[in-house]
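With the sequences and hints as input, model every part of the structure.
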Amino acid sequence: MSSQPRIIHLDMLDTDYAKIAAGEPIPDDKKQRLAQDSYDFNRLGKHIARYRYGNLDQQSRDDILCTLGTIAGLFTLADTEDMNDRLRQTGRFYLTPGERQQVINWLADELGIELNRSQREA
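Going by numbering that gives the first Met the number 0, the first residue of the sequence shown is number 0, and it counts up by one from there.
To be clear, the hints were calculated from the coordinates, so they are not data collected in a lab. A couple of the hints might just be wrong.
Claimed, not checked - 16 Å max Cα-Cα, derived EDC-like pairs, lysine to aspartate or glutamate: (1) Lys-29 x Asp-84; (2) Lys-29 x Glu-80; (3) Lys-45 x Glu-98; (4) Lys-29 x Glu-113; (5) Lys-45 x Asp-62; (6) Lys-29 x Asp-39.
What follows is the structure in structure tokens.
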């Protein structure tokens, strides 16, 4: 019997999946600043983790940002109409750089989450 340690090679996708399933933790002090009943912080955390670790294309990332922005109430009716018009005209969903930045800024300012940090960090 060998006394050498047994090495188990992990597939990074397995660890990424675990991070997605666990969700991104929202700091308690940030939760307290926001109306507790207005946000499902567990759901927000899962969307954020999926964005970071899901190995998604830009359209899928924009979809998550749109969901986060909608949950946060960042988009007006006119914004939503513009998004729907782009979808009808191009046949694909996407956010403009300004719309993306609006959600990213909200996450940083309100939740203390830097969404665009390296996806392999943490």
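Going down the list of hints, with the structure as the test:
Taking the CA atoms of Lys-29 and Asp-84, the gap is about 35 Å. The hint is violated against a cut of 16 Å. The suggested pairing of Lys-29 with Glu-80 is violated, with an alpha-carbon distance near 31 Å, which exceeds 16 Å. At roughly 21 Å between alpha-carbon atoms, Lys-45 and Glu-98 are farther apart than 16 Å, so this suggested pair is violated. Taken as a hint, the Lys-29 and Glu-113 pair is honoured in the structure, with Cα atoms around 13 Å apart against an allowance of 16 Å.
The straight-line distance between the Cα atoms of Lys-45 and Asp-62 is roughly 14 Å, inside the 16 Å bound, and the hint therefore holds. For the proposed pair Lys-29 and Asp-39, the alpha carbon gap of about 13 Å is at most 16 Å, so the pair holds.
In this structure, the earlier hints numbered 1, 2, 3 are contradicted, and the remaining ones agree with it.
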